[in-house]
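Note that the protein sequences, when read in sequence, are chains F and R. Under our numbering, the first residue of the first sequence is numbered 1, with each subsequent residue one higher. Under our numbering, the first residue of the second sequence is numbered 1, with each subsequent residue one higher.
Derived by calculation from the structure, the hints in this document are not laboratory data. Since we're looking at a predicted model, the values are computed, not measured. We put the beta carbon where it would ideally sit given N, CA and C, even for glycine.
Cβ-to-Cβ under 10 Å is the rule here; a few derived chain R residues that face chain F:
{"id": "1", "residue": "ARG15"}
{"id": "2", "residue": "ARG19"}
{"id": "3", "residue": "PRO25"}
{"id": "4", "residue": "LEU36"}
{"id": "5", "residue": "ALA46"}
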Amino acid sequence: MAGGDRPDAEALEASAPAARSGDDLRKDRLLVSRFLESRDEAAFRDLYARHCGALYRFLLRLTGRASDADEGVQETWVRACRSLERFAWRSALSTWLAGIAIRWWREECRRRGRLWDLEDEKADAGVFAAAAPPDAVDRIDLERALADLSLGYREAILLHDVYGHTHAEIAELLEMDEGTSKSQLSRARRVLRARLGGGRT
Amino acid sequence: MKREDSHPDLTDVERRALRALAEGPEPPPELAAATLRRLEESGLIAKAGGRRPAWRIRLLAAAAALALFALGLGVGIGLRPGSRLAPAPATPRFALFLYDAPDEKELTGAQMRARVDEYRSWARGVRAAGREISGEKLESGGRVLGPSDAAPGRPPAGGWALGGYFVISAPDLEAAVAVARSCPHVRHGGRIEVRAIART
Chain F
1 MAGGDRPDAE
11 ALEASAPAAR
21 SGDDLRKDRL
31 LVSRFLESRD
41 EAAFRDLYAR
51 HCGALYRFLL
61 RLTGRASDAD
71 EGVQETWVRA
81 CRSLERFAWR
91 SALSTWLAGI
101 AIRWWREECR
111 RRGRLWDLED
121 EKADAGVFAA
131 AAPPDAVDRI
141 DLERALADLS
151 LGYREAILLH
161 DVYGHTHAEI
171 AELLEMDEGT
181 SKSQLSRARR
191 VLRARLGGGR
201 T
Chain R
1 MKREDSHPDL
11 TDVERRALRA
21 LAEGPEPPPE
31 LAAATLRRLE
41 ESGLIAKAGG
51 RRPAWRIRLL
61 AAAAALALFA
71 LGLGVGIGLR
81 PGSRLAPAPA
91 TPRFALFLYD
101 APDEKELTGA
111 QMRARVDEYR
121 SWARGVRAAG
131 REISGEKLES
141 GGRVLGPSDA
151 APGRPPAGGW
161 ALGGYFVISA
171 PDLEAAVAVA
181 RSCPHVRHGG
191 RIEVRAIART
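Using the sequences and the hints given, assemble the complete structure.
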């Protein structure tokens with residue numbers, strides 16, 4: 001993202017990984033229908049090549065570990081290929097894949113007894129005073145703060161602020177209404193900002 | 001699909017920093033082969049018959065190398081659970097048993113919630129430092145079994161009740177003890193027994 005101090009809002013939007021053109025959608029539909037017809041490896045490889053980078057990085061941020069991201073990529077594709085025929089294109093393919101990845105990781109957290117990840121930080125929302133936005137954000141600090149959020153908040157930030165999915169998409173994905181998605185995001189942002197500023201009171 | 005352009009809460013600095021997180025490492029090249037293998041095993045992809053494209057041969061070679069690698073490791077030290085890609089040497093795990101003092105007074109509901117929050121935030125810190133950690137609080141009471149119901153065994157900790165446990169990853173006992181020492185439980189008058197989990 002080169003340019004001046006204030007990035008052009010439109011350029012920023014276009015740079016969002018989830019930003020899609022009609023061409024992207026047509027290409028995805030074509031690749032999916034080819035794969036469903038043949039179920040062969042070449043067709044799968046085209047789909048994989050197109051989406052795997054973003055999916056892998058999403059899982060890396062979601063789980064915090066490369067080995068979990070590896071496992072998550074495989075599991076997401078297995079589940080996706082099982083239900084691809086029923087995919088109704090109400091969202092972008094990338095959004096749908098992210099949803100599968102999230103559901104997989106929630107199951108894993110439950111299975112592994114990572115209860116801290118699953119609990120929402122209802123308490124935190126009250127504990128943190130409204131913190132002033134930071135003047136500068138260090139990437140390492142941000143990564144750490146994001147990794148330390150509870151899973152629900154991390155999902156909200158990742159889906160909306162990092163990957164640019166809309167509240168409508170997130171609501172559909174996580175089976176919640178849009179209002180819940182919005183309030184979840186604003187709580188998550190408040191906690192994240194407080195952590196970045198060290199604003200625990 | 002209309003894009004949302006309103007981020008009322010975020011400053012440009014924050015927005016840019018968050019968007020930049022979408023950039024990052026590429027997936028490891030061998031992940032494609034591992035994924036294809038999983039799909040084949042699950043019957044979700046037709047096994048290619050006859051003519052094989054060159055990339056497939058390369059993938060098969062990679063998969064075969066990976067399988068041999070996994071076999072080598074698997075025989076020696078056991079496969080790491082939870083990853084089907086490249087089994088890494090298993091990280092030692094330790095159980096932390098949290099005992100409550102015999103004279104520990106009953107906590108009110110609010111005190112208990114505060115205590116659980118404190119432990120949870122400690123556990124998050126441990127995880128943020130790169131260790132695996134899981135654990136649960138135990139309800140009091142329960143039963144202690146012996147050879148027969150008439151002769152129940154004695155609780156092993158003589159008055160110290162087991163209140164919960166954590167399982168953590170650590171390179172060795174000393175490192176595990178250091179983690180346990182940082183747990184708020186000790187500060188609250190409890191004791192923690194640190195035991196290596198046997199590798200079977």
